[in-house]
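Could you build the full structure based on these sequences and the hints that come with them?
Read top to bottom, the protein sequences are chains A and B.
Counting in my numbering, the first sequence runs from 1 upward without gaps.
Counting in my numbering, the second sequence runs from 1 upward without gaps.
Calculated from the structure, these hints are not laboratory results.
None of the values given here were measured: they were computed from a predicted structure.
Hints may be right or wrong, so weigh each one.
[To be verified] One side only, chain A facing chain B, incomplete, derived with CB under 10 Å: (1) 101; (2) 105; (3) 178; (4) 299.
[Said to hold, decoys possible] Below are the SDA-like pairs computed for lysine to any residue, each with C-alpha atoms no more than 20 Å apart in a straight line: (5) 140(B) - 87(A); (6) 49(B) - 329(B); (7) 7(B) - 87(A).
[To be verified] Quick list of simulated restraints, FRET-style, between CB atoms: (8) 237(A) - 114(B): 52 to 60 Å; (9) 300(A) - 226(B): 36 to 44 Å; (10) 71(A) - 27(B): 21 to 29 Å; (11) 173(A) - 11(B): 50 to 58 Å; (12) 40(B) - 303(A): 44 to 52 Å; (13) 2(A) - 325(B): 49 to 57 Å.
All residues carry an ideal CB built from backbone N, CA and C; glycine is no exception.
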Amino acid sequence: MDTATAILQVLDSTIRLSVPLLLACLAGLYSERAGIFDIGLEGKMLAGAFAAGAAAAYSGSAYIGLLAAVVISVALGLVHGFASITHRGNQIVSGVAINFIAAGTTVILGQAWFQQGGRTPSLPNDARFNPINLPGVETLSGVPIIGPIYSELISGHSILVYLAFLLVPFTWWVLYRTRFGLRLRAVGENPAAVDTAGISVPWLRYRAVICCGVLCGVAGAYLATAQGAGFVKDMTAGKGYIALAALIFAKWRPVQAMFACLLFGFLDAFAIRNQGHPLPLIGEVPVQLMQALPYILTIVLLAGFIGKAIPPKAGGVAYVKER
Amino acid sequence: MSQPFAKLPAWADYGLLPLINLIVAFFVAGLVVLLVGESPLDAAVLMVKGAFGSGDGVGYTLYYATNFIFTGLCVAVAFHCGLFNIGGEGQAYIGGLGVALVGLGLGGVLPWWINFPLAIIASAVVGGLWALIPAWLQAKRGSHVVITTIMFNFIAASIMVYLLVGYLKAGGTQAPETRVFGEGGQLPGLGWLLGLVGLNMRSAPLNVSFLLALVSAFLVWVLIWRTKLGYEIRTMGYSPKAARYAGIKEVRIIVITMMISGALAGMMALNPIMGAQHRVQLDFVAGAGFVGIAVALMGRSHPAGIVLAAILFGMLYQGGAEIAFDMPNISRDMIVIIQGLVILFAGALEHMFRPTLLRILQRLARVKHQPTPAVATEGGQ
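Structural data, given as structure tokens:
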């Protein structure tokens, strides 16, 4: 029974830890499928988290925080779009710039506005997204296996968690079953064909960048107002890059992206749990190894040992109409 | 709007346009200073005073600049090959292992002038090897070098934390750092050099690796513009198709370029470790690898430009530390914003002002030639 509870707890924190990865990963999916590489997921998420923390602290409402996060994150996304779509700048350089601007600005503004060393004030519970108990938890609690799984694992998360997981089938549907999705994928593979069909390549790519901004904002809001209670300096701590790794791992497909994020979230949850608890056969695994494992796995994937990851064909290339 | 960019005269392309981009970046940074309720002008005055106002200020400025020259060169060499090595941070961090090997092993045995060249080789080799796998993946598998080098940054950080809290940690302390190197693992300072121009450096850690940085900059210039390898690197960066057609081996050039790039980043570790702290500390790179991106973009990947840009960023680092005393709302993180803005305006948006500038220059040229339009058109043939 003790191991069962432990497993359940690790799985529960797996879900909570993989949500920001999943949101950022889906954000990157929209952008990269449209041919806009986005290294700036990290920065947008960080800026979103700061905006959510600050706005929720001022207004006392988690939803206003969420709105602020989305607005800021989309604004940064538009900067990325302006540089890489309108001015045909290097997409990687632009993304790197956004990461630095977000990392610096959040700390400087946080210190100037709240005087707490770059953090935003601790949020009371009604200014956060709180866990929701799904219907039937009480009735099912007596049932042996399903009961604990339902109440621990499935019920009792904030609304953003459910939103993140619902976004997976939604993204699949948008990408593969709508006209917008078809065009989005086409513009990432062969923008000239889209242009020939009389559809504006820049506008389509701008829409993809906006989608990406919205989701990064939600991811940031989740960090600051659902998982934590306020913004902390460098809160994202490389999650944007892990999301990027997950995106490659999933080969730019939504459902696989969910599994990749769950895997990386599990590694994180396991690393936290593993500290001070040596495993039965292997002994204690160094925390650093667990932290580096998502990257190592992605490198192994890229090296061609687990299938082959082929990015969208027109990714990273600005579209020039005349050619 | 979508016509290809017309060519600007060279002085505008290499002088005016970067200057405009830089001014815009600093203007926006000034807005941020304004937003936190301080005066940008006062901040700028404080910064310049802090960076150049005293012998120690200059010493610190050049000490930081040393780091940025190495990382800037690292990014620039890769740029010339059309590669974006974002992994300077990790390559420098791991390069510290090479320095540690020499410093810990031979620091108490050999004098510094023998250890220095050994440490240069060790750090360059380790840094270069750290760039090998991303290079190989790019060359053989087409995996984007940006993605792989980012991941290698994180892996490098994990390895270094693991080693510094474990094997490499000095006995008897809690701090995750190695023991202090022996006498022979410590580089002499450059107080005499500043003394030549009448400055008195007391505690600043400026050391001989600054001279090494300048030599490296010169060697990179020789490599890129005066050797066959450099020509191949530039051909590859300019047009991979042309390079392939000319019989240049793609895999070989990518791997060599990335390893040179990684070696330059690795050598950065000499400055803080052997030159200043005389031991390996946690996170001693402190973002210098990323500053290198801004430095390389600002210096337009030319060693001379990189040295100037590195000194400018050294000034920002040193001056920024001084500002924090008088303006508590402005911390070192201000530099991170400026860095980001420079990367944005000098890098991603470098073409933003080009059409406008072109139009203005053309109009000026037309005004000049107005009296004799027929001659002007003929002269243009």
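Check your understanding: Out of the numbered hints, which ones does the structure contradict?
Key -> Hints 3, 5 and 8 are the ones this structure does not satisfy, whereas the remaining hints hold.
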